[in-house]
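Fit chains B and C to the known structure of chain A by using the hints.
Letter by letter, the chains look like this.
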Amino acid sequence: MSTGAPHWRDVASKDDAERLRALAETEFPGGVEASPIDRRRFLALAGASLGLAGLSGCMRAPAEKIVPFVHPVEGRVPGKPLYYATSMTLAGSATGLLVESYEGRPIKVEGNPAHPSSLGATDVFAQASVLGLYDPDRSKTVTYLGRPRIMGDLAGPLREALATAKHGKGLRILTETVGSPSLIRQRGELLERYPEARWHSYEPAMSGAASAGARMVFDQSVRTHYDLSKADVLVALDADFLGSGPGHLRYAHDFAARRREPLTAERMNRLYAVEPTPTITGARADHRLPVLARDVIHVARALANALGIGKWTDAPPDAATASFVQALADDLRSRRPGTTLVVAGDNQPAALAALVQAINRHLGNFGGTVLHTGVSEAPEDAGLSSLVELASDMREGRVTTLVNLSGNPVYTAPADLGFADAMKRVPLCVHLGLYQDETADYCQWHIPEAHYLEAWGDARGHDGTASIAQPLIAPLYAGKSALEVVGMLSGEPGRSGYEMVRETWQAHGSKQAGGFETWWRRTLHEGVIAGSASPTIEPRWRDDWQARAGLNGAAPARNAGPLEIVFRPDPTVFDGRFANNGWLQELPKPLTKLTWENVALISPATAQALGIKAATEGPHAGSHGEAIAPVVELTYGGQTLRAPAWVFPGQADGSIAVHLGYGRTRAGTLGSNIGFDANRLRASAAPHFGPGLDIRTTTTTTTLACTQLHQSMVDRQPVRTADLATFLKEPRFAQESAHTEGGDRRHPLTLYPDDHPMKGPQWGMVVDLNACTGCGACVVACQAENNISVVGKEQVARGREMHWMRIDRYFSGDSANPTAHVQPVMCMHCENAPCELVCPVEATTHSPDGLNEMTYNRCVGTRYCSNNCPYKVRRFNFLAFADYATASLKLLRNPDVTVRSRGVMEKCTYCVQRIREAEIDANNRKRPLRDGDVITACQAVCPTRAIVFGDIHDANSQVAKLRESQRNYGLLEELNTRPRTTYLASVRNPNPRLETR
Amino acid sequence: MPQVFHRSFNTLSRASVFGSLFILGFVAWAVNVFVNSSYATNQGVVREQPVPFSHEHHVTGLGIDCRYCHDAAEKSAQAGMPPTKTCMNCHQQIWTGSATLAPVRASFQTDQSLAWTRVHRLADFAYFNHSAHVNKGFGCSTCHGEVQKMPLAWQHGTLLMNWCLDCHRQPERFVRPRDEVYNMDWHPPADQEQQGRELVRKNGIRSLMNCSTCHH
Amino acid sequence: MSAEVHAETPPVRTPAGSPVLAPGHDFATVTDKISALVLTRPTSRGWWIGFSLSFALVMLLLYTIAYLLTTGVGIWGINVPVGWGFAIVNFVWWIGIGHAGTLISAILLLLHQQWRTSINRFAEAMTLFAVACAGLFPLLHMGRPWYFYWLAPYPNSMQLWPQFRSPLVWDVFAVSTYLLVSLMFWYVGLVPDMATLRDRSTSRLGRVVYGILAMGWRGSARHWYRYESAYGLLAGLAAPLVVSVHTVVSFDFAVSVLPGWHSTVFPPYFVAGAIYSGFAMVLTLVIPIRAIYGLEDFITSRHLQNMAKVLLATGLIVAYGYLMEAFGAFYSGNPYERYLQVNRMIGPYAPMYWSLLVCNVLGPQLLWFRAFRTNPVLLFLVSLVVNVGMWLERYVIVVVSLHRDFLPSSWGMYSGTVWDWAMFAGTIGLFLSLVFLFLRFLPVISIFEMRTLLPEAKVKEEHG
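Protein chains in written order, with numbering that gives the first Met the number 0: chain A, 0 to 996; chain B, 0 to 215; chain C, 0 to 463.
Keep in mind the hints are simulated off the structure, nothing from the lab.
There's no promise every hint is true.
As the list claims (entries may be wrong) - A short list of chain A residues far from chain C (calculated; beta carbon distances all over 10 angstroms): (1) 166; (2) 190; (3) 218; (4) 322; (5) 625; (6) 957.
As the list claims (entries may be wrong) - In silico lysine to any residue, SDA-like type, Cα no more than 20 angstroms apart, as pairs: (7) B:74 / A:165; (8) A:889 / B:74; (9) A:165 / A:395; (10) A:79 / B:121.
Positions of the beta carbon are idealized from the N, C-alpha and C atoms, including for glycine.
Next up, chain A with everything else stripped away, as it sits in the complex:
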């Protein structure tokens, strides 16, 4: 039970003497100086705010125009948003969405409850994608050698090239993982027409190990997906299935479903994680074993041995691992077949995937927790080999025409391929992309790509369920979709994506009742093609799988060799494609809480051995989130670059993890020239991890913007946890914690009789800390819903990020392998709100339905409320943070939420605009509000349903029931603030055989 466990001191809090010296040296260096770009923006803002200051004084409003339609639009009610179903594809796998469109402007993304990969939830990327649509830095026109052209100009050269090339010889198409049935169909047609042409696919952040591994053990190509709802014991072998990869939303949902109320020993599952670098999955694990990435397979072999699958004579693992593996094996063996699940990470070699298939087969999980499907029409992901081949062909001059369909290989390709130089040898390079990015620089021609919200398409979810992607808005910059460009290549320039998609589904749709048109309309409305999920199959198992997987013979000795480097896609900017998205850049990375930057993660022990210091709290002005980190020199595969070192608990000793997606040069005004480009260290031989890293300390340091520098709970218990045994013994452990001897909801401290009349709904929220994975989707959803400003790295480092909700992350236990705790914190809407009584102008008040209201237009900005808020959830517009200048971003604003000007306090409102809307709708319909009529933005997006909102006075509402849960407690209840937002304590389910951390 971590509350009992000794909380180790923060990494940041170094020996006091040194801190004091550092402090004494630079107590007041002062200066709000920012980088040139920032200063320019700064001044622009200053100008805007000056204008505002003027306006606010003047009373006369300028005359406005009302511009109605000429012809009424069907189904449109002015002032009412419309929702359209579509889907977003990332790395070849789709998430079904419902997108809110206001007066034709898509402004908010929600998950599509009907889509199996979403169930109504979305990840951070989908939430932020709507900002990507309006990104002012998007490429706006076709260019030739950087000069503007029109689409027609390209047709000529292209036709020429295709004509000269015999059967398309020398024509190469490079795409990311293709998931769209229509695009695959087009691909077929193209290759039919140009048999000599080649189609390459490359997904920077994925390896295709899963399917490769499957090919080793089965006699056919299969896709594998999982049913976590049936799993009592889960083992993640360097697999972050709760945080990333196809279907992770669904997996997180099914995983958490077993940990929500009612929490019983039977329902609660157990998760083991073996991983080199901390992930969301590892943070949720009941047992976590940090090992080198290259040792994960050894753990798997040991496990297989213990289960009696393979008979390997490996060197015995160290004691810790041995006991871990033994306990794990016994645990797995003790379970019924089909109730356990072992998952291999995509960053691991195919051999591991193969071995894990074997383990699951041995445990009888096939058809239970592990489901196999055919590969439908999609080509198998070739991994990196396809790109390597293309690079060499280009170098040998075998490529005459290269068409880059989205993707940014010049930036993402491993350094040793020399992809950029190879491209120089290609006579005709065409690039289709959202931005004039690094690759566009190396292509003569660039075509602006249509954002997925602008284009027709289709895609398949993690289980093969197909969905139609319909555009929400006409292309802002006349962009083209990959589908249309391929159509153009196959000599059908006229054909629109719409027609192609309809064609693809003609056959399927016509068979449905009511004919194609009826089916088509229904499908567009549903967003999901009913019954299109790939049927599960039982592929035949090959007996020579060990040989095919190269698993015969003993493994090399473990832990041999020098430091290891691990490459991972960045949790918020992925492989760099989202680098120019302010919401994602400013979203704190789930575990490190860093923003706007990537770092080299190093374990405390390794750091000590290498003489690398932990980052210290920056002493500069307003350094709430300013960390001064030492810069180290990483040398790998002959390449050297400098990176900030971040000493991070839970990172495996001897392993240094770096995230891709940073150090971009042509990302845009926000994403360029921040962080370092880890791709420059990547070798095509070992693109995901490899030994032989050389690391050297330097004398320089750098400033990072980290929103939470204090990692321990000190002597407090904001997060209350117990393990299952304790919980079963004392179910009310959270409520009876030392902190709440009075002042909480059950024993209110008040002189007055508690008889305040509460008419109508009383809003409240419950956050289940046992379900929350800390993925951060809620933070972005809140930002999108409430027009929350992006402030930039400088300001985040000054402790001025504007997020209305944050996810606190604490560590407890052993610093080498700590227990991580996450806690979403937003305005608690206290019944005795300390902020309310100190506001001199009644800008923050209490509403009859229990909301702590913030009235921006009344706020004079004394910041007294923020000082007096024990939860520090109030956010202040220290400068004019809201972007009044950029035209395209105005289209993004939620019209129901005031855009806050400079000098005004703001905070979580429980999405009051949604509450008021729902109330009025119910009134108009002459019916009372029902539970579920109001869904807050954070609640809607949450994949694990950790956030529940509703009327706490309606005994039947879900939230009221959860408030009665034994695990329910209020944060800082002892202050007698009587928060309306309460928490359900987290409960871990460790294996009694293993001593808990």
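For chains B and C alone, coordinates are given in the frame of chain A:
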């Protein structure tokens, strides 16, 4: 020693003591007058429109219901401005040649929207919902005045916060039977107070005085 | 009461030892000497240098304010969690300094302390200037200062009042009342001397200006009678303000829930601190002025000693305050309170905490020694140390309490930016400029009150 000041200065100085009070009073009064003036609030300011549309003619003269053009009033926050098509429904038959309607026809043919001048401009941080009020029995004329007598529309109320609050404080003074909402000639009956209280109860009208009712 | 005052006028040599007025003065010399400072004596180069230096700082202040208004309070170091920084620290510091004036004038007057007469005029002026500087900060620290008037209760179209539960609203009343009363008090005290200056000034302009300010004072018995009663009334009115203002200011903190702010010891300990810093500032200014303008005859060693004693006494009260704060924190058993105290002592801001203890607790202890009380230079140094110490105290109270409150996740750091420092330096400049102007154009010492200290005064009284 020569006197610097004339003796009249004594009177002057005494007077000034009281004078200052009057000056302060006057300033306060002047500010108050300005804030409530039509210059500051646009109350009663007649707006030029691309087409001199007369509510007087269409409502009083032809008896067209508000909802024929402002069709969203019962469903949405906005009452809605009619698309050109709505005008043309009639004006394809009548006044087809009239010069004043030329912009309307042009708009219909060229598919270019008419740009009307907004008459009621609420601050961006204040959210008003037509459907919420209309469905609870608050008539158009309560806020918009006698539109049926406006050749060109003007703003009836001050749109100042206290103007809203007067009604939010005592809805019973302004509420009317549901079926009278669109009756532009409705005038409160003698026993409005008591009838009003009855309606408030019946329509479940709450006197919403908290900030987030309108500001969010 | 006037009559009594004069009746009880003590002999020039008081039991206390050193005199409150050097021997060998009569009406003429007193009046000459003091009015000369303003009327005859030429403006010295020193004055010009001093004034232009401080005026340069005023320009800096104006520039900073302009930048602040166009850009926002973000130019300062403030953040979340530390929402209040230099602005509030300086505000409390200046307000504190502003306390000496009223205390000396009002309370010592009511207590018939003769020694106050030579320093009260000066102390009052200083009070006004300090309060003026203080007044800038609450205004400018607002996010939208152009709406400052929303803090005042007045009928408006929003039908809203300020929130009377908020200490900030109490501040508005407390500070403005204080400013008003001290202003009147100071001005009423000036009237007779204005008349003197009017009569003695050689230029017509001088006569007109001082004449208007003198409000037709002729020094008739009736004038004196009214004057005395008015002055007495104002003194009575001002006396409670000495206590009230800083009590209310302390409520800004005491009313909150923050460990380190939420404390019942604050009002008394703030008032003591205020008087403490006030007297320190009086000394800091009086000692050089006395030397430069050769006023040793009027501001005698006796004055310095008395002020030193007040300094020592209030210093001890403040020290007791610190002790109680620490004790309360540990005795409370409240983990947050306890952590706060520990954090003050060994946290990132520990250097400031310890140096404040050195300045405010150890520093004044020197005043136990006669040598320090009598030696102007040493006394001057001690007063400087106390000024610094009091600023540090406010910094520790405001910043250190805020930077680590309840949830470790939101802990942060704070320090002022160049603009914070510019504002601070600017107000010091403003303060000094005003002092220089005061020295140049108004009698630093109350002429007529000094006269009442003369032996002749008693005689005069009988005739009158």
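Task: Hints the structure fails to honour - done: Hints 5, 7, 8 are the ones this structure does not satisfy, whereas the remaining hints hold.
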